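Visitor: Given next are the chains, with one letter for each unit.
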Amino acid sequence: MSNVAEMRVIVGDRERPERAEELRILEALLFAAEEPLDEKTLAARLPLGVDVRALLAQLQNEYASRGVNLVRVAGKWTLRTAADLAWLLTREATVPRKLSRAAVETLAIVAYHQPVTRAEIEDIRGVTTSKGTLDVLLETGWVRLRGRRKAPGRPVTYGTTEGFLSHFGLEALTDLPGLDELKGSGLIEGALPADFNVPVPSDDPALREDEEPLEPGDLDLGLVPPQDRTEEG
Amino acid sequence: MSNVAEMRVIVGDRERPERAEELRILEALLFAAEEPLDEKTLAARLPLGVDVRALLAQLQNEYASRGVNLVRVAGKWTLRTAADLAWLLTREATVPRKLSRAAVETLAIVAYHQPVTRAEIEDIRGVTTSKGTLDVLLETGWVRLRGRRKAPGRPVTYGTTEGFLSHFGLEALTDLPGLDELKGSGLIEGALPADFNVPVPSDDPALREDEEPLEPGDLDLGLVPPQDRTEEG
Amino acid sequence: MSNEDLPADELPAQSEFVELGSGETALVVDVEGFEGPLDLLLTLARQQKVDLVKISILALADQYLTFIEAARKLRLELAADYLVMAAWLAYLKSRLLLPEQPAPDGFSAEEMANALAQRLRRLESIRQVAEQLLTRPQLGREVFQRGQPEPIAEIKRPQWSATLYDLLTAYAMRRQTKARAYVRMSKRTVWSLAEAREAIERLIGRSFEWSTLDHYLLEYLVEPSQRTTVLASSFAATLELVREGRLEVHQHAAFAPLYIRARANAVEGAAAEAGNG
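Chains as they are written, first to last, in this note's numbering: chain E, 1 to 233; chain V, 1 to 233; chain Z, 1 to 277.
Just chain E, same shape as in the assembly:
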């Protein structure tokens, strides 16, 4: 035992100069960051000409077997505790507010059918969606107002945010579970008009052809506490 330890120490000492400094920098940046970092941000801190993607792959591999993993969410990179250790950590975690069944369902509809209007959500659920449900989702930061549908009444369209992907550990919207089956069974089109044949949900911030931008003030809808809003009006 003491032999092994000694050997490791020696190797460790020799290793130090050999392990690429870039890897140390990358690891320090990812450890320190408060939120996922994109490759551009990382590259800006690394020596010029470094292959960030290759380094990330190496680091991801190094961390794969550890208690902390390097994962990609919303196209960005972040370190997170290994999912199999959840049992260990949940005890001290402050469990986020549990969403109501209506909110979970609405969230899923927004995720899989976005950009989607309230009327379309109601059509799928077969029930009126209370204002509160959408407010709760806007408050979580997982759902956002995207724009307005170019249709009578110009209804607001909803979509998911990067925070949504980050919370559920999704690299992109295409990683949504069961998305392929939904597409296969033709259940994803929802209420989209036939001429807008976009069978996949998209959180692309660029507005679709049938969307137009929000007006100033629209964004307050879900973000300002309601009492202020009524006073204003």
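No wet-lab data here; the hints were simulated from the structure.
In this text the structure is predicted, and so the values were computed from the model without any measurement.
Some hints here could point you the wrong way.
Below, simulated DSSO-like cross-link-like pairs (lysine-lysine); rule was C-alpha separation at most 30 Å, straight line [said to hold, decoys possible]:
no.	chain 1	residue 1	chain 2	residue 2
1	E	K76	E	K183
2	Z	K156	V	K98
3	Z	K178	V	K131
4	Z	K156	V	K131
5	V	K150	Z	K49
6	Z	K178	V	K98
7	E	K183	Z	K178
With chain E's structure known, arrange chains V and Z on it following the hints.
Guide: Same frame as chain E, now just chains V and Z:
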């Protein structure tokens, strides 16, 4: 050398499957913790009978060469960015700031009357010029120390730089308006004493007859920013 | 049926149960627990234990209508949604039972039934994926980010700005002000009447002896350049003080020295005044 590398590979390979689950748990706990953890807390989360101290020593050793180190603070354990990478955690931001009136005035006097000493600036302005004003001007890079005046006290002479010309869009210092132009533009009006004049400025880098070169060390005066100034803004 | 097969992560409070006595299916339903008529239909459909593609809409419509009938008998308050659905299903049922005929809105009963089945499938699939989504490790519940992030400190570097206009205005203003200030200085070489009067009052004071005005002036104001203005102002001030009866003035001949002295009663008066003050 090649021997060492080989040994490392072997050791590394052997290590991975042998790496104790306890180490993963330890590293996840330390990563997710919101504050440094003591050995008792860590032990409570680990299987009974595990030698926490030995595990921590091993983990500390594993992380020693990395971008993040396991450190002990106040008897508790925490992961921290390696000290030599602290620079990664700072970012320089440029903050636009307007020059004070005193600084603008002093700058103008330096521009027109260079090479000029502080006493001469004060004589023209009719008020004492604070050290800070000249420091700020040196910091802008628009004013430089030229030399020393061959006079009692050997005062430092100030002049403008190329940076001054480029910031104010001047091709040469002689582009600064003379008395007639200042009058013509209405900047100077009314009766003036007969001997009133505006000098024809020159930023010729060659020292004048009444100037002598700076000594080594003089240049440090205004070029090294004091530590606190950066935080001030 | 039971609520357990609902893909919800949260079951509603079981406030009210309705038991239908018909017997063939012990249908226990909690009206409060349903998220609208479509949800109720989906629950009923599951009881057929067949793929939703092969569901019998006719049977489903019957079940739904039975449920609504029972609920109404028990005077349960049903949202309008449920009743609209009931009416529509009753219509659909009648259409399905009748021989096919062209529908007024262009849809056959078959198509309408398929559309309903499709809606049910869509709701069911969204529930399934919602459930799958929720079983993913969630941030802050199953996986955690760094508990003590080390935020990046910003070092602020001032970027100074000033315009050529600022520069020239400041310079012109300062030089001009300074130049004007010198002009004012040179005016001080003139002795004003007020200054002369104040000086004479101070110089003569309580002296009741005759003394020459020249004597005072030369003694105290020696600068030759100022002699003329001092003499002129002093003479004018002297005459004024004489007119006020505070001074006596005496001259032997033209261009002879001027003798002045304070008048006794005037000094007393002035002293009294000073005492009061």
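Visitor: Please go over all the hints and tell whether each is borne out by the structure.
Guide: We went through each hint and held it up to the structure:
Taking the CA atoms of K76 (chain E) and K183 (chain E), the gap is about 26 Å. The hint holds against a cut of 30 Å. This hinted pair checks out: K156 (chain Z) and K98 (chain V) have alpha carbons roughly 15 Å apart, not beyond 30 Å. Annotation: proposed proximity of K178 (chain Z) to K131 (chain V) holds, straight-line Cα distance about 22 Å (limit 30 Å). Taking the CA atoms of K156 (chain Z) and K131 (chain V), the gap is near 22 Å; set against the 30 Å cutoff, the hint holds.
Among the hinted pairs, K150 (chain V) with K49 (chain Z) is inconsistent with the structure: their alpha-carbon atoms are about 106 Å apart, more than 30 Å. Taking the CA atoms of K178 (chain Z) and K98 (chain V), the gap is near 25 Å; set against the 30 Å cutoff, the hint holds. For the hint pairing K183 (chain E) with K178 (chain Z), the CA-to-CA distance comes to about 83 Å; that exceeds 30 Å, so the pair is violated.
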